[in-house]
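For the sequence shown, the positions run 9 to 414 when the working numbering is used.
What the hints contain is simulated information worked out from the structure, not anything from laboratory work.
All figures in this text were calculated on a predicted structure; none of them were measured in a lab.
Glycine included, every Cβ here is placed at the ideal spot set by N, Cα and C.
Don't take each hint at face value.
Cβ-Cβ distance ranges computed for the label pairs, FRET-style [what the hints assert, rightly or not]:
id: 1; residue 1: Leu295; residue 2: Asn99; range: 29 to 37 Å
id: 2; residue 1: Lys326; residue 2: Glu154; range: 47 to 55 Å
id: 3; residue 1: Asp183; residue 2: Phe96; range: 32 to 40 Å
id: 4; residue 1: Glu256; residue 2: Gln145; range: 54 to 62 Å
id: 5; residue 1: Glu276; residue 2: Lys326; range: 23 to 31 Å
id: 6; residue 1: Asn78; residue 2: Ser57; range: 31 to 39 Å
id: 7; residue 1: Val282; residue 2: Lys72; range: 29 to 37 Å
id: 8; residue 1: Thr202; residue 2: Ile107; range: 46 to 54 Å
id: 9; residue 1: Asn314; residue 2: Ser57; range: 21 to 29 Å
Dumping the calculated BS3-like pairs for lysine-lysine here, alpha-carbon to alpha-carbon at most 30 Å [to be verified]:
id: 10; residue 1: Lys129; residue 2: Lys180
id: 11; residue 1: Lys354; residue 2: Lys68
id: 12; residue 1: Lys138; residue 2: Lys354
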Amino acid sequence: MAGGNDFIASIDIGTDKIAVLVAEKEDDVLRLIGHGIGPSAGVRKGHVSAIDSLSRAISKTLEKANKSFNGEIALVRANLSDTHLTCFDRNGRIPINQIVAKEDVDKVLESARAITTPTNKEVLHVINKKFTLNETQVIENPVEMEASVLESEVHIVTVSSSSMRNIENSLKQSDLSVDSIVLDSIASSQALLTQEEKDAGVCLLDFGAGVTNFSVFQQGGIVYSGVIPVGGNDITQEVAFAFDTSFEEAQRLKERHGCAKASTIRGEYLVEFVQATNKELHQLSNLTLSEVVEEAYVDILSLVKNDLKHRNLEGSIKAGFVLCGGGTQVDGCEDLVRSFFSRRVKKGIVQRSVVSGLESIIGDYRYTGAIGLLLHKEDVPQQTLVKAKGEVSMMGKMRNILIGEF
9 MAGGNDFIAS
19 IDIGTDKIAV
29 LVAEKEDDVL
39 RLIGHGIGPS
49 AGVRKGHVSA
59 IDSLSRAISK
69 TLEKANKSFN
79 GEIALVRANL
89 SDTHLTCFDR
99 NGRIPINQIV
109 AKEDVDKVLE
119 SARAITTPTN
129 KEVLHVINKK
139 FTLNETQVIE
149 NPVEMEASVL
159 ESEVHIVTVS
169 SSSMRNIENS
179 LKQSDLSVDS
189 IVLDSIASSQ
199 ALLTQEEKDA
209 GVCLLDFGAG
219 VTNFSVFQQG
229 GIVYSGVIPV
239 GGNDITQEVA
249 FAFDTSFEEA
259 QRLKERHGCA
269 KASTIRGEYL
279 VEFVQATNKE
289 LHQLSNLTLS
299 EVVEEAYVDI
309 LSLVKNDLKH
319 RNLEGSIKAG
329 FVLCGGGTQV
339 DGCEDLVRSF
349 FSRRVKKGIV
359 QRSVVSGLES
369 IIGDYRYTGA
379 IGLLLHKEDV
389 PQQTLVKAKG
399 EVSMMGKMRN
409 ILIGEF
């Protein structure tokens, strides 16, 4: 059993929901001990649009989590989704002519990440991809190896500075300090992707309410991340427009009777719904409804596909697609993605080898992002990220910590 100073906490802030998790470390496994979930507010298309509204929503969800484990969360790992993100690879190179020391590794990584960013951007992640010795030998850990030249290749993710500040300020108003901020898809990949999938080439596709995030992994590491400013709420809105009904009624129709691939429907039936203009009951077939739903999904997938093609990445996704997010809960989503990309497709499942406790939470897709945040960079020395009642927590920031190879 971990002691009181080994608690860590995460908060996954989305357009529609906020999820908070608390865990303690047992050997090499995180054990969930507290949780809370509630509606989000003040977030639109993944961006904070009203700090006060979001802060109030955070505080309400935080209260649930605190009660669930009889503690007080003070420091959290938080997520970020930014439609203005950019990602690219950079190389570093230094002469050695001796045995490689830890200080040499730090120097070559620092040289790789030495970039000039626009005033409205900042570095969120610097992810080590590989080291090369003497221009030929690729190695995972060069320390204690002999070399004349040491090179590194890193993957850098930059995001909007205002997006970072808005998340931080929203958490600050809720009396929370920030341990680290992690890109949505990078966090989720920690919980859902296996090393074998990352080695073979895989795309993690996250259908959120406001945005659709995706990341591509090859040869064990991340090579690209993208955010499409369209999500499940836009699909719902298309249903509302098509049948002249409210957003709430359209959401009910989509979730209960819709299918993302209409051709897989085995039985056609009529569905009643209330129109918005005359408040009268009307009927439509589940097939007609699903054709609208499918078209909206295809629009999103087309944007993803075009981005992958533009980056010459579509052909390298040998292990296929792993799906997560609320949009995957609509019937037929897997079938549609499979036929659209002609690749293997599966819904992401949290790896039980790295997290335990609260089985109902581990299996709940709404907590996937929060679990990924807990798992992210867990080899960093543990700090007091949560204070038990009556104890004083250690505060601190860890932004822009160099992230090791996945």
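Hints and how they fare:
no. : hint                          : verdict
1   : Leu295 <-> Asn99: 29 to 37 Å  : 54 Å, violated
2   : Lys326 <-> Glu154: 47 to 55 Å : 35 Å, violated
3   : Asp183 <-> Phe96: 32 to 40 Å  : 36 Å, holds
4   : Glu256 <-> Gln145: 54 to 62 Å : 60 Å, holds
5   : Glu276 <-> Lys326: 23 to 31 Å : 38 Å, violated
6   : Asn78 <-> Ser57: 31 to 39 Å   : 34 Å, holds
7   : Val282 <-> Lys72: 29 to 37 Å  : 32 Å, holds
8   : Thr202 <-> Ile107: 46 to 54 Å : 34 Å, violated
9   : Asn314 <-> Ser57: 21 to 29 Å  : 27 Å, holds
10  : Lys129 <-> Lys180             : 21 Å, holds
11  : Lys354 <-> Lys68              : 34 Å, violated
12  : Lys138 <-> Lys354             : 29 Å, holds
Hint compliance for this structure: hints 1, 2, 5, 8 and 11 are broken, all remaining hints hold.
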